[in-house]
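**Student:** Next come the chains, spelled out residue by residue.
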Amino acid sequence: MVDTVVIPLLKILIVLNATLVAVTYMVLLERKVIAWAQSRLGPMRVGPYGILQPVADAVKLMIKEDITPVRADRWVFTAAPIMSMVPALIVFAVIPFGPTVTIFGHPVPLYITDINVGLLYIVSVASVGVYGIILAGWSSNSKYPLLASLRASAQLISYEIAVTMTLVSVILMAGSLSMVGIVNAQYNQHVWYVFAQPVAFVIVLIGGLAETNRAPFDLPEAEQELTGGFHTEYSGMRFALFFLAEYANMIVVSSVVTTLFLGGWLPPFPNLSVFHFLYYIPSWIWFFIKSFLFLYLFIWIRATLPRYRYDQLMRLGWKVLIPLGIANLIVTGIVKVLMS
Amino acid sequence: MFDTNELVLNMGPQHPSTHGVLRVVLRLDGEKVVDCDVVIGYLHRGIEKLSENRNWTQIILLTDRMDYVAAATNNVGYCETVEKLMQLEVPRRARYVRTILCELQRIASHCLWVGTHAMDIGAMTVFLYAFRERELILDLFEEFCGARLTYNSMRIGGLPQDLPSGWDKKVLQFCDIMDTKVGEYEELLTHNRIWLERTKGIGVISGPEAVGLGLCGPALRGSGVPRDVRKDEPYAAYDEMQFDVPIGTAGDTYDRYLVRMEEFRQSLRIIRQATEGLPEGPIVGKVPRLIKPAAGETYHAIESPKGELGYFIVSDGKSTNPYRFRVRPPSFCNLQGLRRLVRGHLVADVVALIGSIDIVLGEVDR
Amino acid sequence: MAEAIAFYTLAAFILGFAVLVITTKNTVHSVLFLVVNFLFVAALYVLLGAQFLAVIQVLVYAGGIVVLYLFVVMLVNLKRPPEAHQDPHRMTKIGASLAAAILLEVAVIAFSGYVSAPAATVAPPPVPVTGNTEQVGWLLYTNYLIPFEIASMLLLVAMIGAIILAKREL
Chain C
1 MVDTVVIPLL KILIVLNATL VAVTYMVLLE RKVIAWAQSR LGPMRVGPYG
51 ILQPVADAVK LMIKEDITPV RADRWVFTAA PIMSMVPALI VFAVIPFGPT
101 VTIFGHPVPL YITDINVGLL YIVSVASVGV YGIILAGWSS NSKYPLLASL
151 RASAQLISYE IAVTMTLVSV ILMAGSLSMV GIVNAQYNQH VWYVFAQPVA
201 FVIVLIGGLA ETNRAPFDLP EAEQELTGGF HTEYSGMRFA LFFLAEYANM
251 IVVSSVVTTL FLGGWLPPFP NLSVFHFLYY IPSWIWFFIK SFLFLYLFIW
301 IRATLPRYRY DQLMRLGWKV LIPLGIANLI VTGIVKVLMS
Chain D
1 MFDTNELVLN MGPQHPSTHG VLRVVLRLDG EKVVDCDVVI GYLHRGIEKL
51 SENRNWTQII LLTDRMDYVA AATNNVGYCE TVEKLMQLEV PRRARYVRTI
101 LCELQRIASH CLWVGTHAMD IGAMTVFLYA FRERELILDL FEEFCGARLT
151 YNSMRIGGLP QDLPSGWDKK VLQFCDIMDT KVGEYEELLT HNRIWLERTK
201 GIGVISGPEA VGLGLCGPAL RGSGVPRDVR KDEPYAAYDE MQFDVPIGTA
251 GDTYDRYLVR MEEFRQSLRI IRQATEGLPE GPIVGKVPRL IKPAAGETYH
301 AIESPKGELG YFIVSDGKST NPYRFRVRPP SFCNLQGLRR LVRGHLVADV
351 VALIGSIDIV LGEVDR
Chain V
1 MAEAIAFYTL AAFILGFAVL VITTKNTVHS VLFLVVNFLF VAALYVLLGA
51 QFLAVIQVLV YAGGIVVLYL FVVMLVNLKR PPEAHQDPHR MTKIGASLAA
101 AILLEVAVIA FSGYVSAPAA TVAPPPVPVT GNTEQVGWLL YTNYLIPFEI
151 ASMLLLVAMI GAIILAKREL
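Chains as they are written, first to last, in the numbering used here: chain C, 1 to 340; chain D, 1 to 366; chain V, 1 to 170.
Because the hints were derived from the structure by calculation, they are not lab data. Nothing false has been slipped in among the hints.
These stretches of chain C come out as covered by chain V in the derived footprint (C-beta under 8 Å, 3 or more residues): (1) 111–117; (2) 128–135; (3) 140–154.
It should be emphasised that the depicted structure is a prediction, and the values quoted were computed from it without experimental measurement. By construction, the Cβ of each residue, glycine as well, lies at the ideal position given by its N, Cα and C atoms.
Make the full structure from the sequences, and use the hints.
**Tutor:** Structure, rendered in structure tokens:
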């Protein structure tokens, strides 16, 4: 009873709360990092060094007037931000933060669950996340958000294909679709897949940037575009949900890339005995360090690069990344057959 | 197979990327721009008409507010035109200081240009770096004439006051700093693949076409036409300075960008020469107490950061106000080219092109 | 026991949402109910132990095909749906007779089929791997290779056809 109900519930509560707090503080992190890149300080007034800024932002957004456009479809208008946020959160059910550890004599796996089609589950949930964007644009009952949302969703779908193609090479190397299985495969094969599959790593990273509508692929929501993109008509808490969903997606992509390519919870050189002292740092701390590195990378890229025009973006996805992904898959397959 | 209607899209007057109150009405076919209509006049303050009721020295204040990004250049242009009309001799020191101030303004204006252009295309960090350097220039001006944006820093016949002591050393220090900073901007943009894709081949205009449209300044030089008023009709101390004028080849946005980036370095070269060779002498020439030019008219042009800035002044010899004061603003003439430039491009390119022509609405509308 | 409860709940939801799909006036709402319907069908697959199929159902159907439906519906439906000009019950007699005919057919097949179930003549092919995904993969690439290839050819032809139809200049 304890093992099947209480512990998973506790894990769900912890992961959910941690994710929501992390997402809120991502806002602050982004503002700070971009500010430091631009020779300024970022938020400094609210709390020491601006630590309480997300609280101020949250309060402001919650007490804002809740505007619904008159002729908008009320149910869909309300449902769209939820349909954006929920897929981002439920992915954390399969992400492994660490192996099975013993707490108070109880073996507790440091992941909520491990299904044998874990990676495919993540990809499918990501594809359902597209609905939030499409419906947001449509339910605003206005031409420009609709067109912007269709463009954004077309971008998402195109890059989903590239990423999924590339993930198959990782699956081929690991021989398993389960997330825990992939991390264990990296342990057994003595290599983090970032070294064994560098092309796949780069493709998944770029595709992840495009999936989350981050710069340099953020034209659909740039202010220099005609309107604010698909969330023009949203204000207050609903807008906040979209915003937070984007950051949650960023954390998801970071976690997935960490698990698949950087060995998840494994320390560097996990098999060499000379580096065994690294195991003193708990596994989930390693996971957070690596995910954090990717989050920082995403923010860094946003501060530095200009943005792609929409047709250049689509050209990159279809004509460069998908063929590269397929080629990578073929090469991986050939190498695997030759080496077995 | 399917009939597509043309969509009419209105950009502005309030828009994050139109650099002021500019309204551009686009006719789109899908995502391609078929035609565009530029609507100006939102910033018209009647400067030319107001000048007819101000005496010649008071007009200097009004000229500040035209190209407010590079105000000293407007002042220089106006004062030189009146000096030409009155055949006044400007002492050498004043001409050198005018050159230094004009080139500092060129750098300041190009800083603003590179910042806003890059930000429109998405590289938001360059904006803050460029404004950090612009602050240094504004500090120099504040020390000289007390103001940061609208300087009123010239008088007919020279300058209102001499340079503060130590100012030239600060200018040389600034030149050293700026050299490395221009390298920073180039590192972020010039060979960046995304920047290249967003600017190469966008808004191509050939040399003869550019001349036919009346473009001037870096927009013209980017298309390969070697026209620079500083070289062709030298004014201030430019005939004593050694500098090159960068000329582009392809006439696209990227070449206009490269021309302006190189102009940074050439301006630094001129400033160094002028500051190190600054002659002693009076700062203002022999000017009558009451400025009343004889009846006549004249046109005089200078090279402002945006292009050829020309003043046409008519004096009727009797009153202390000009009879007619007409400005030939470079941004106004360059903006005419926008319609030709945007045809066939996508909506996201329109913003890049407006930034590439580098307009200031204060000048366009006056 | 728990399985039966789960099955009947899921079936009820599936049928309920399917009815909503065909009775809603607003087309976009109809498509959204279809999405929810597909998600419940995926849950049904999980109940049957076909996890791979469940995930693929969400990925391909709910996350791909219905998205395209939604695109089309939204682009065509830019104005508010017009009020029904005609009597919505105008086809009731034809519809009811068609439904009755199909129901009769299904009943005949079901009952006569159960009376004499054919003996299993061919043993199912031995599959040397375990786990749903692995088994599906094995069967697809060994016993059912030709249908697999034909299906992919079909998809390729459809893709090329769509591009040709939509391009303005070739």
